[in-house]
Amino acid sequence: MNAPRTTRPHRGLTLKLLAIALGSFAFGYALVPFYNVLCAITGLGDQTALARRAVAVEQPDLNRTITVDFMAELPSIGNWTFHPLVRSIQIHPGKLYSAEYFAQNLTGHDTVAQAVPNISPSKAAAYFHKTECFCFTPQRFAKGEARTMPVRFIVDPSLPTYLDRITLSYMFYDDSTHVGAKLIAPPANSRN
Amino acid sequence: MAYAQVAVAHDDHSSHDDHKPHGWRRWVYATNHKDIGTMYLVFAGIMFFLGGSLAMLIRLELFRPGLQFFDPLFFNSLTTMHALIMIFGAIMPAWTGLANWQIPLQVGAPDMALPRLNNFSFWILPFAFLLLLSTFFVPGGAPAGGWTMYPPLMLQGGASFPMTIFAIHLMGASSILGAMNVIVTILNLRAPGMTLLRMPLFVWSWLITAYLLIAVMPVLAGAVTMLLTDHFFGTTFFTAAGGGDPVMFQHIFWFFGHPEVYILILPAFGIISEIIPTFARKPIFGYEAMVYAIASIAFLSFIVWAHHMFTVGMPLAGELFFMLTTMLIAIPTGVKVFNWCATIWKGSLTFEPPMLFALAFVFLFTIGGFSGVMLAIVPADFQYQDTYFVVAHFHYVLVPGTIFGIMAGVYYWLPKWTGHMYDQTLGKWHFWLSAIFVNVLFFPQHFLGLAGMPRRIPDYAVQFTDWNMVSSIGGFGFGLSQLLFPYLIWKCIKHGVPIGNRAWEGAHGLEWELPSPPPFHSWETPPTEAVLARAAVH
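Protein sequences appear in the order of chains V and C. For the first sequence, the working numbering begins at 24 and goes up steadily by one. For the second sequence, the working numbering begins at 187 and goes up steadily by one.
Chain V with its partners taken away, still in its complex shape:
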């Protein structure tokens, strides 16, 4: 080309663009401390705050005593035995407790059951935290099998003061008549 149409050299612009690209690469890395700073300012995902909150729950309020009643119900009579081992306990809010329920499969075949919990009064439900419960998963029972099953819970110390008695009840459904249980149960068990 005899007469170049541009007086601007390409080199300057190319180097500027290369600098932008390198800057972007650095910016990707800068996002890591940037997010940490952002979280420090806003307190999002703050592990120590979460830990403090966990400790706070561990501080039991020994000045308060609350009665927790356990109930068990069956939708139909005769096929199962299902009852709590202890009917009622006295607890302090903020402390972890454990209770056990006993169940025996009298249906005459291998089956699966699902416990559905209910808390009353319903105002207390938000403060009653089950950390582990046999109601979290379907329970498989062999024909005639009997066993006890645990539930562990904490009552939140911020429970309104007018509440002094909470009832935890379970409805224990035999799931074998439902489609869901057929999918859960292994095929070998469905011969009966």
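No lab work stands behind these hints, which were simulated from the structure alone. Incorrect hints may have been included.
Derived pair list, reagent style SDA-like, types lysine to any residue, alpha-carbon separation capped at 20 Å [claimed, not checked]:
#1 Lys206/C <-> Pro705/C
#2 Lys39/V <-> Tyr397/C
#3 Lys39/V <-> Ala359/C
Quick look at which bits of chain V chain C covers, simulated, 3 or more residues with Cβ under 8 Å [said to hold, decoys possible]:
#4 34-44
#5 49-58
Beta carbons are placed, not taken as given, at the ideal position from N, Cα and C, and that holds for glycine.
With chain V held as given, fit chain C onto it using these hints.
For chain C alone, coordinates are given in the frame of chain V:
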């Protein structure tokens, strides 16, 4: 013979400088923008059929519930590789190829500004994909953690993991260098009198896309480098045990990822904005508004990334911010769609293949845009996250959106590149088969997603069978229809009817002032003001 005479006439036109190397040297040492553009487009075509074949295997496995053909790990490799090949191997190189061919012709430049860099950008790609594709044969198989490469799943990839990372590095380098070349060409090599606001909209859309590429591809390179050092060099960017956070990867990845989806679509906006005025025989409605709309979309793309990760756990203020900024994108996008409609309004329309693809683009891309607005709604997204609704959404914007945009561009400029008109009846067959099957393929996936079918699973609950079968039939139909495309191009090159400078009577732009095909070295003498005035009608 008419063909021979036209060919001779072309040779006369620029006989003094039409020397080019022959044989393999022409391609390996290529510095000519047309040759490099052709190589990019051929490469993209090969990758499109390769990625498409993987998609056919995915639809084959999903034709019926149960595991028929592949084990789940290999199925996950199929989805991951399909995405990586289509995004980085088919769509992005196709856009760079179109940029290489068209931008110098459209701004009156003799070539790209940095021809040797151009050669380097292209020749990185075959090696990058050789590396990526060879992961199918290493222990542990191809990457199976999804194209988003989330840790810790990605880190468990076996031998494919570092190979994938290096392949991504190479592709990223290729795109960044290609984008730099586009910017330097547009800013430094425009013909005298070709002011920025006289540039065709395809050039505008590529200028903005190139800036997006330079801004975000390095961020992806950084993110995958962090993965690499986490795995091999003991850093803990994303490892909770060392104080890192796997969610951090999602933030960095999507800071790249959202601008990336606009990188994939913006040049299509440019192409559609060229084709619709040509076949409506009216200037584009609201040229400057179109430029500002592209720029607004590009800006917004940087501040919406977390809408891809609403369900990771985010404060309400964050969710509201990302929801509202995402919805804001609908405004400049709406400006574009309405301007296309206004261009069509009272136009003298004809329906040649490029126009058919362009009209289908406007309609079907808008469907993808609507489902995008649905996904932007935080509480709705909690339901849609990781379901087939998302798959339907992004395939609507990428297949009848981006891919139709690329095809429209090829159908529009193929007569210019080859000097021959193609078989338009065959082109219409290709269009109608594609347009029908693409809807059979992806529309039912909306239903599947709303009914709760998750993404990235080789097996599914029986109630999803019917729509999966329909979708698979659409998939096979769409895949087979695409075979018409290379046949049509081959037929056009071998047996097409020679055509004059202006392949379409309504076409304006500097490329139509050149012979078809343009000489090997074009615009060595810049276009005169009279030519420019005839070309830049908007």
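Verification of the hints:
Among the hinted pairs, Lys206/C with Pro705/C is consistent with the structure: their alpha-carbon atoms are about 11 Å apart, no more than 20 Å. A threshold of 20 Å between alpha carbons decides the hint, and for Lys39/V with Tyr397/C the separation of about 12 Å falls inside it, so the pair holds. Taking the CA atoms of Lys39/V and Ala359/C, the gap is about 16 Å. The hint holds against a cut of 20 Å. Interface restraint, the segment 34-44 of chain V with chain C: holds (6 residues with C-beta to C-beta distance below 8 Å; minimum three).
Coverage of a stretch by a chain is defined here by at least three residues with a beta carbon nearer than 8 Å to that chain's beta carbons; for the segment 49-58 of chain V and chain C the count is 7, and the condition holds.
Going down the numbered hints, you'll see the structure goes against none, and every one checks out.
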